[in-house]
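**Q** Hey, can you piece these two chains together into the complex? The hints should help.
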Amino acid sequence: MPECIGWHVIFITNSRGRQTHKREGGQSVCGAVVACHFPENQVQTIRTLTGVRMSSSANKPVISKKIDSHLLSLYEAFHFMGRFFREVVRGPFEFQELVRQCYQIGYRSLPLISLTGFITGMVFTKQSRPSLMEFGATSWLPSLVSIAIVRALAPLITSLISAGRVGSSIGAELGSMRVTEQIDAMEVSAVNPFRFLVVTRVLATTISIPILSFYCAIVGLMGSFLDVALNEETNIVAFFESAFEQITFLDIGSALVKAVAYGFTIGMVGCYKGYNAGQGTQGVGRAANTSVVLSMFLIFLEEVAIVQVTNWIR
Amino acid sequence: MIDKSTQPESSLPANTEMAISIRELYKSFGDLHVLRGVDLDVPKGKNVVVLGRSGTGKSVLIKIISGLLTADRGIVKVLGTEVSRLNEKQWRELRLKIGFSFQNSALYDSMTVRENLEFPLVRNVKNLSRAEINKSVEEVLDSVGLLRTINQMPSELSGGQRKRIGIARTLIMNPEIMLYDEPTAGLDPTTCIEINELINEVKERYHTSSILITHDLTCAKMTGDKLAMLLDGKFVRQGTFDEVFASDEEQIRSFYNYNFTENKV
Ligand SMILES: Nc1ncnc2c1ncn2[C@@H]1O[C@H](COP(=O)(O)OP(=O)(O)OP(=O)(O)O)[C@@H](O)[C@H]1O
Ligand SMILES: [Mg+2]
Numbered sequence: 000m001p002e003c004i005g006w007h008v009i010f011i012t013n014s015r016g017r018q019t020h021k022r023e024g025g026q027s028v029c030g031a032v033v034a035c036h037f038p039e040n041q042v043q044t045i046r047t048l049t050g051v052r053m054s055s056s057a058n059k060p061v062i063s064k065k066i067d068s069h070l071l072s073l074y075e076a077f078h079f080m081g082r083f084f085r086e087v088v089r090g091p092f093e094f095q096e097l098v099r100q101c102y103q104i105g106y107r108s109l110p111l112i113s114l115t116g117f118i119t120g121m122v123f124t125k126q127s128r129p130s131l132m133e134f135g136a137t138s139w140l141p142s143l144v145s146i147a148i149v150r151a152l153a154p155l156i157t158s159l160i161s162a163g164r165v166g167s168s169i170g171a172e173l174g175s176m177r178v179t180e181q182i183d184a185m186e187v188s189a190v191n192p193f194r195f196l197v198v199t200r201v202l203a204t205t206i207s208i209p210i211l212s213f214y215c216a217i218v219g220l221m222g223s224f225l226d227v228a229l230n231e232e233t234n235i236v237a238f239f240e241s242a243f244e245q246i247t248f249l250d251i252g253s254a255l256v257k258a259v260a261y262g263f264t265i266g267m268v269g270c271y272k273g274y275n276a277g278q279g280t281q282g283v284g285r286a287a288n289t290s291v292v293l294s295m296f297l298i299f300l301e302e303v304a305i306v307q308v309t310n311w312i313r
Numbered sequence: 000m001i002d003k004s005t006q007p008e009s010s011l012p013a014n015t016e017m018a019i020s021i022r023e024l025y026k027s028f029g030d031l032h033v034l035r036g037v038d039l040d041v042p043k044g045k046n047v048v049v050l051g052r053s054g055t056g057k058s059v060l061i062k063i064i065s066g067l068l069t070a071d072r073g074i075v076k077v078l079g080t081e082v083s084r085l086n087e088k089q090w091r092e093l094r095l096k097i098g099f100s101f102q103n104s105a106l107y108d109s110m111t112v113r114e115n116l117e118f119p120l121v122r123n124v125k126n127l128s129r130a131e132i133n134k135s136v137e138e139v140l141d142s143v144g145l146l147r148t149i150n151q152m153p154s155e156l157s158g159g160q161r162k163r164i165g166i167a168r169t170l171i172m173n174p175e176i177m178l179y180d181e182p183t184a185g186l187d188p189t190t191c192i193e194i195n196e197l198i199n200e201v202k203e204r205y206h207t208s209s210i211l212i213t214h215d216l217t218c219a220k221m222t223g224d225k226l227a228m229l230l231d232g233k234f235v236r237q238g239t240f241d242e243v244f245a246s247d248e249e250q251i252r253s254f255y256n257y258n259f260t261e262n263k264v
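Sequences listed follow chains A and B, in order. Everything in the first sequence is counted per numbering that gives the first Met the number 0, starting at 0 for the first residue and increasing by one. Everything in the second sequence is counted per numbering that gives the first Met the number 0, starting at 0 for the first residue and increasing by one.
By construction, these hints were calculated from the structure, which means they are not laboratory data. Please note that the accuracy of each hint is not assured.
Simulated restraints, written as ranges between beta carbons of each label pair [as the list claims (entries may be wrong)]:
id	chain 1	residue 1	chain 2	residue 2	range
1	A	Val98	B	Asp224	45 to 51 Å
2	A	Arg313	B	Glu87	32 to 38 Å
3	B	Asn150	A	Gln126	50 to 56 Å
4	A	Arg89	B	Asp231	42 to 48 Å
5	A	Val61	B	Thr239	27 to 33 Å
6	B	Lys125	A	Ser68	42 to 48 Å
7	B	Asp108	A	Leu97	18 to 24 Å
Model, not experiment: these values are computed from the prediction. The beta carbon of each residue, even a glycine, is placed where N, CA and C say it ideally should be.
So that you can see chain B by itself, here it is in the shape it has in the complex (with noise of 0.2 Å):
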């Protein structure tokens, strides 16, 4: 039961524009205190782009966002509904509309690939003739560029693939909102264009409101409507490309630096 008069909830944007709408999270592990008064607004339809050195807690953002861990304090809504009260029936529904694509794939090694777009496919949605289920895996599949490894394990996949058919298998639920972690992250150059390329594609196509978690500014660039980058547990700096990066602040510069000036050649 939260106490009223600590949170401001007056501050939420009324309308239901936003997708996301985060105000004063906390979150904290042990000693650890990772979120420290995070405010962010994912306004419908629009890719934000969350930037930050390792370890301080962009995971964890998205991770409370979908449930997967309890804030200790703060509110977030998802869609327009605080997250903090719902059951377990409700989260079950909240999460249909909800992708997330993880840092490290998380696809089911026991399965195949079609299996594994299949799997939330057909606990969610009742009734589905075999003929559909094959229609939609092969659709979504054909949609990330990897029809052809419909009947292959995953561990027989490269590392790109896999993320890519991570991201198949949430598009198959149609949602609204996709939580990407690091989609780029060890992946080549090309590849990384490639994946920024179907990130682009799944917000026109799908009409998702996305948040993007990344260390590549490259990949920042092509795909954030709005950039937010977090320091020492809070957003610093919100806004667009150039807005967050016109910043003085070391940290920030330093992240730049390495991107687009040290290294070029």
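In isolation and in its complexed conformation, chain A is listed as follows (with noise of 0.2 Å):
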């Protein structure tokens, strides 16, 4: 037996050939790992979950060969984000990285936020008038319209907008870095890249996205005072007074988590992919296309998610 069996050595059999665990890309792939060598004599063949491959088409898949690798690319995902953690803790910090990267994530998605913030307001307050019309309540759209925004709307179109915006070029940007060598030649004159490229942007998204919903509901809510006080009798204080009669502070509670965990996964994808891209200008685009997908996909299921411990805490 091999004495550096760790506990991520799941499966060792014996196999024709010689030694056949290799790891591919090196350090940066991923960093926990068997890195270990047996007498020339002895045959083994060990499979990992971790960054170590199998390419043998005589190695046996543990499941299958598709879920194996699903599995696989699951624990490097969450060894990314347990380095991440890792290095927000252990410090130092490059915080002139953290500003300029909090400043092209956050202030230049302004113009787009505010404009597509003021048009859901509005077009949100249009559209629910003529349901409260029958009923001759429309003095209730000023608190439906904020529940409406503050709990879901505000939240959802920040992240879904800044996972376009922000994300695909995150993850083009750090893929190319990785595709031109720029990412080894960072870690060749002995500057962590994690630390400069990884900590830095997740960072800055995990605190903009929340600002950004903030003010997104702000302009929001401007958007659907103008179309009550275009249609109906009102002024600025009364309509903000009703707009927060029916806000609670779990509504606020919940949505600010959302925005925190919209921006941590817009920040995290992003990163992951660019990090990890393959060769090529493909790569690139992969892993600005996969990052836009991916952290839509995972905005909705943690939506799903939230909302549904909100409502039980309600």
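**A** What follows is the structure, given as structure tokens:
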């Protein structure tokens, strides 16, 4: 038996041929690993759930080839996330780069978020009016709209827009840095590329998206106010008083939790896909593309989960 | 954990005269066996030129030396340290002494030339004043003859300029070892000669030991103290330029002929 079997080695067989464990991509792919050697004459096949990839077709998959590779990428993703938390705790911090990223990610999204938030608030008000009018309850418009915007629309719209705008650009940027060996260049110059590139970007999205969501909610309510003011008798104080009447601490709390989770997801997915991009320009394109698709998918899953939990608490 | 019985550790030179010393190095990617028992010594203060066809694993070799890839088997000693046992912190310390000039320069394209050069410096040397940083940057840029590009973006530079900036970025850390991956590829003959002169100058001025990968025999002749020819995952011949090309082996001849005889007008 080899002496280096860690907890992550899950399958060992004897088979024909030479030592078959291979590790691709070196240290940057996945830190924890079996890097061990066997006596020449000993014949081993080791299959692990780490960055170690089996390539010989003689290897029998653990479950099936496809499921194996999914499990493997899941493990890699969680490993990547674990590394993020370790690096955040350990410091030191690339503060300047963090500020630059917050500016890129947060500040430069403002025009787009303003426009979408404003229009959403206005359109939502317009569409709700006829139904409320049937019951003669148009005075409920502000609180109806504000509940919808604060609880659901603002975090969701903000994060979906950011997934498109920010997620793809993080994926493409890190992907092209990987492909053109800029990440390797950082590594060999004794700079930790993970800390400089990944930690700053994930923190920037985690900080920016909640702030943008809050901003989006305010702008959305302004859009709604404009529509209400044009159609009903109101003034801005009365509108906002009635808008916030129904909003509870739980609403704001859960919106905040959502926004933080979405921000983290966008940054993490973009960085993970970009940092581990495949070779060539195709790798860059795929990193950008899958960043958007995967983070949107995860955002919806999180939305369902958080809403469910909030309803239990309520 | 390496099984010691299979490692020819005893064959390593005992003294520290070698900057890099490699024994029985193996590396595969899946079923592709790239390196199959590589042995190489780089004496201190010498330039060793590695020749070989495209895809023979020359880049892989120097990536293993700098820790970007891990070997499957074998011993790699860099400045007397066996690299397979290094942890993250020890790697960082060792890498401060290694300069790596990438095949495609790998300049950070979101940063200016100045920021590219500062990047490793400010993160590895603490408590430098602004004036000291500027001085180092300007000094090293001047030594590659590109001081005027200091505020330009990498995308505005030519291939040869990018190569030289890439070399400057590693020189700023005063490396003891330089790894050049095809420094003259894709450049015109005059620029090639400039780069070759730069490489020799670096050796003189910074007292570096280097591995230099190239397909260009003029470059090999100008800069190499020793040549090594990689064929089928092994070094088939090592020695001075004339020793290596005294061989009758067909692959070596064809390398030589392409560079020197057939192309003569
Ligand atoms: N990270 C990797 N994953 C899988 N295969 C790789 C990896 N890096 C290199 N290879 C393979 O290893 C072989 C050697 O690659 P390498 O880049 O060392 O060639 P090279 O000798 O530098 O060639 P060139 O002169 O064209 O640069 C190639 O066939 C390549 O496909
Ligand atoms: Mg190469």
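**Q** Using the C-beta atoms of A/Val61 and B/Thr239, is the stated range 27 to 33 Å upheld?
**A** Violated: the Cβ-Cβ distance is about 53 Å, outside 27 to 33 Å.
**Q** Take a look at whether the Cβ-Cβ distance between A/Val98 and B/Asp224 falls inside 45 to 51 Å.
**A** For A/Val98 and B/Asp224 the Cβ distance comes to about 48 Å; the hint holds.
**Q** For the hint 50 to 56 Å, verify it against the beta carbon of B/Asn150 and that of A/Gln126.
**A** Holds: the Cβ-Cβ distance is about 54 Å, inside 50 to 56 Å.
**Q** Just tell me: holds or violated, for the beta carbon distance of A/Arg89 and B/Asp231 against 42 to 48 Å?
**A** holds (44 Å)
**Q** Do B/Lys125 and A/Ser68 keep their Cβ atoms within the hinted range of 42 to 48 Å?
**A** Hint holds: Cβ distance 43 Å, inside 42 to 48 Å.
**Q** Is the distance from the Cβ of A/Arg313 to the Cβ of B/Glu87 consistent with 32 to 38 Å?
**A** violated (47 Å)
**Q** Taking 18 to 24 Å as the stated bounds, is the beta-carbon spacing between B/Asp108 and A/Leu97 within them?
**A** The hinted range 18 to 24 Å holds for B/Asp108 and A/Leu97, with Cβ atoms some 20 Å apart.
Of the hints listed earlier, those the structure fails to meet are numbers 2 and 5, in rising order.
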